[in-house]
Amino acid sequence: MKKYLFIFKTEFINSLQYVKSFIVGSLSLILIIYIYLNLWNFLYSDPESLINGYSYTQMIWYILFTETLWSCIKGRKIVRDISTDVKNGNIAYQMNKPYNYINYILSKTFADFTFKLLILLPAAIVLGHILIGNIPNFNLLGCLLAIITGILGTMVNVLICISIGLLSFFMEDAAPIYWIYSKVILVIGTLFPIEFMPEIIQPVLKYSPIFAMNYGPAKLFVDFNYDFLIKVLISQVIYLIVFYIITNLVYKKGVKNINVNGG
Amino acid sequence: MSVIEVKNLSKTFKSKVKGKGLKGSIKSIFKPKYKTIKAVNKVSFNVEKGEMVAFIGPNGAGKSTTIKMLTGILYPDNGDIKILGLDPRKNRKKLAYEIGTVFGQKEQLWTHLTPYDNFKFFGAIYDMKDYEIEKKIEELKALFELDEFINTPVKSLSLGQRIRCEIACSLINDPKILFLDEPTIGLDPVVKENIRSFIKRMNKECHTTVFLTSHDVGDIEKLCKRVIIINNGTVVLDDTMENLKYHYLNKKIIDAKMKEKINLDDEKGIKILKDKGYNLKIEVDLKEKNISDAIKLLDPDKIIDINISNTPLEEIISDIYKKDK
Ligand SMILES: Nc1ncnc2c1ncn2[C@@H]1O[C@H](COP(=O)(O)OP(=O)(O)OP(=O)(O)O)[C@@H](O)[C@H]1O
Ligand SMILES: [Mg+2]
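Taken in order, these protein sequences are the chains called A and B.
Sequential numbering of the first sequence, starting at 0, is according to numbering that gives the first Met the number 0.
Sequential numbering of the second sequence, starting at 0, is according to numbering that gives the first Met the number 0.
A portion of the hints provided could be inaccurate.
As the list claims (entries may be wrong) - Chain A stretches covered by chain B per the calculated footprint, using a threshold of three residues with CB under 8 Å from any CB of chain B:
1) 56-62
2) 190-200
Unchecked claim - List time: in silico DSS-like cross-link candidates among lysine-lysine, alpha-carbon distance up to 30 Å:
3) B:250 / B:203
4) B:15 / A:86
5) A:19 / B:154
6) A:1 / B:134
7) A:86 / B:34
8) B:15 / A:76
9) B:6 / A:255
10) B:256 / B:273
Just so you know, the hints here were simulated from the structure itself, not pulled from any lab data.
Yeah, the Cβ is synthetic: ideal placement off N, Cα and C, and Gly gets one too.
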């Protein structure tokens with residue numbers, strides 16, 4: 000465990016040097032929120048009305064929450080880095096060191112994520128207050144619990160990204176798979192809550208990783224209640240275990256027939 | 000006690016062959032052609048504790064492939080490996096605590112971190128305590144003279160500095176066996192000499208077993224008492240350095256400066272390497288002709304200066320490489 004804490008610490012310190020470029024990069028979040036603000040403003044002709052159970056304020060805070068988490072994780076980079084490690088055989092050179100590659104990537108990614116979240120989340124909350132006012136039914140404990148589920152949900156997302164990256168063991172290019180994955184997640188759960196999807200697929204979605212990853216935590220953030228919290232936590236624990244096992248299995252199978260470059 | 004035991008180790012690579020041009024590329028999508036290369040073929044040897052062994056051979060002989068299998072980076076197709084009694088296939092993690100590896104052509108350090116942070120990191124992954132790590136870093140810093148750049152990110156180091164850090168880092172866990180794949184590649188003679196003396200000292204003081212590949216005859220001659228030569232994936236020679244020199248040293252080179260021009264032709268046991276009138280260079284095969292007869296051919300009265308030398312090790316080795324082509 001100590002080794003992974005060390006990786007976390009080192010990578011965290013390391014990411015401090017990129018603070019400026021990260022802040023500049025996340026200015027786009029303001030633009031995105033501004034666009035959705037206008038879009039939903041148009042759809043909610045009456046600001047008091049509800050669409051699929053969400054008020055206008057809830058909707059904007061929902062997107063703000065999911066977009067903030069999404070901006071703190073560079074899924075494409077995770078997939079690309081792992082693919083490179085697999086393709087050039089680097090991953091094999093890490094095999095004869097006593098640490099687990101999956102845990103290494105997790106610690107590294109989480110260091111980066113923590114650093115970004117510490118900057119972006121307060122910024123997003125301030126931004127939300129300026130643009131649309133208070134979080135609906137605000138209660139501090141609920142808000143903190145929702146943020147914790149948001150972090151757990153991100154962990155599910157990262158594990159899925161790692162598995163996609165590891166698919167490079169078996170295929171030429173894993174990037175298209177990630178592209179599809181990221182678009183699905185963006186539309187379902189990030190920009191639109193599950194209630195906005197066609198009714199027939201809603202039950203499926205409610206048992207899918209999307210429930211654990213972004214929909215569940217964001218819904219808690221705008222409409223907190225303990226029953227829902229328990230549901231979200233249960234699905235997160237299950238998906239964390241499932242995907243942790245899957246990534247490790249894919250890794251184990253992959254390294255057996257890896258082709259290390261000559262030299 | 001044997002710390003490395005290898006028996007009938009084999010590895011075959013399968014790689015896609017692509018035809019020429021667009022037509023070839025399209026063809027290879029539908030009907031991929033594969034070429035198999037027997038990179039390592041039934042290799043067997045043992046290495047004793049504390050030995051320094053040179054594992055040499057021409058490019059593509061299978062040296063790196065063998066080292067990768069010994070250290071658990073590649074899975075062998077066939078054969079048995081026991082490193083300190085452990086099978087790298089089954090006990091990779093356990094073995095990792097006991098060995099160190101350096102690949103001259105592949106950085107294992109995290110290039111965005113400083114050497115110091117790398118040492119801390121690798122110390123941590125070997126479950127060392129903080130004070131143990133600090134103590135070891137001090138030791139390695141002195142041994143490898145890293146003071147100047149221990150806090151510079153690895154990506155900004157020169158090749159020589161980086162390799163010094165790589166070797167130092169591979170020693171952080173006090174390995175019992177050190178595997179070095181071309182550790183002195185691309186280094187200047189002074190740094191090479193330094194690294195050799197570091198390795199030598201470590202072997203002497205800590206009894207670390209060293210298994211090394213190199214194309215630099217200096218590394219081999221100065222460090223190793225034993226040589227294993229591999230060619231086309233098979234071991235062609237496994238002997239002490241002394242025997243290698245003794246058995247293959249049946250040739251002498253005579254370099255002579257003459258007062259007058261003399262006429263000399265190739266004959267049994269004599270090969271003219273250079274004949275520039277007054278300056279002569281001939282190779283004598285001692286199995287065919289003894290050295291005094293050879294000197295007599297030159298007419299000793301006319302010699303101004305003479306130099307008789309052994310065939311350099313480099314040539315002995317390249318002769319062996321060529322013979323087994
Ligand atoms: N990943 C791979 N895929 C296909 N063939 C490979 C691969 N790695 C090595 N080979 C082949 O296996 C043979 C042995 O390669 P290896 O790298 O072990 O040689 P080497 O003895 O280390 O040579 P060098 O001195 O040039 O480093 C070569 O013919 C090489 O082309
Ligand atoms: Mg090699």
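Structure-based check of all given hints:
no.: 1; hint: 56-62; result: violated (count 0)
no.: 2; hint: 190-200; result: violated (count 0)
no.: 3; hint: B:250 / B:203; result: 34 Å, violated
no.: 4; hint: B:15 / A:86; result: 15 Å, holds
no.: 5; hint: A:19 / B:154; result: 22 Å, holds
no.: 6; hint: A:1 / B:134; result: 18 Å, holds
no.: 7; hint: A:86 / B:34; result: 20 Å, holds
no.: 8; hint: B:15 / A:76; result: 29 Å, holds
no.: 9; hint: B:6 / A:255; result: 21 Å, holds
no.: 10; hint: B:256 / B:273; result: 12 Å, holds
This entry does not satisfy hints 1, 2, 3, going by the numbered hints stated previously.
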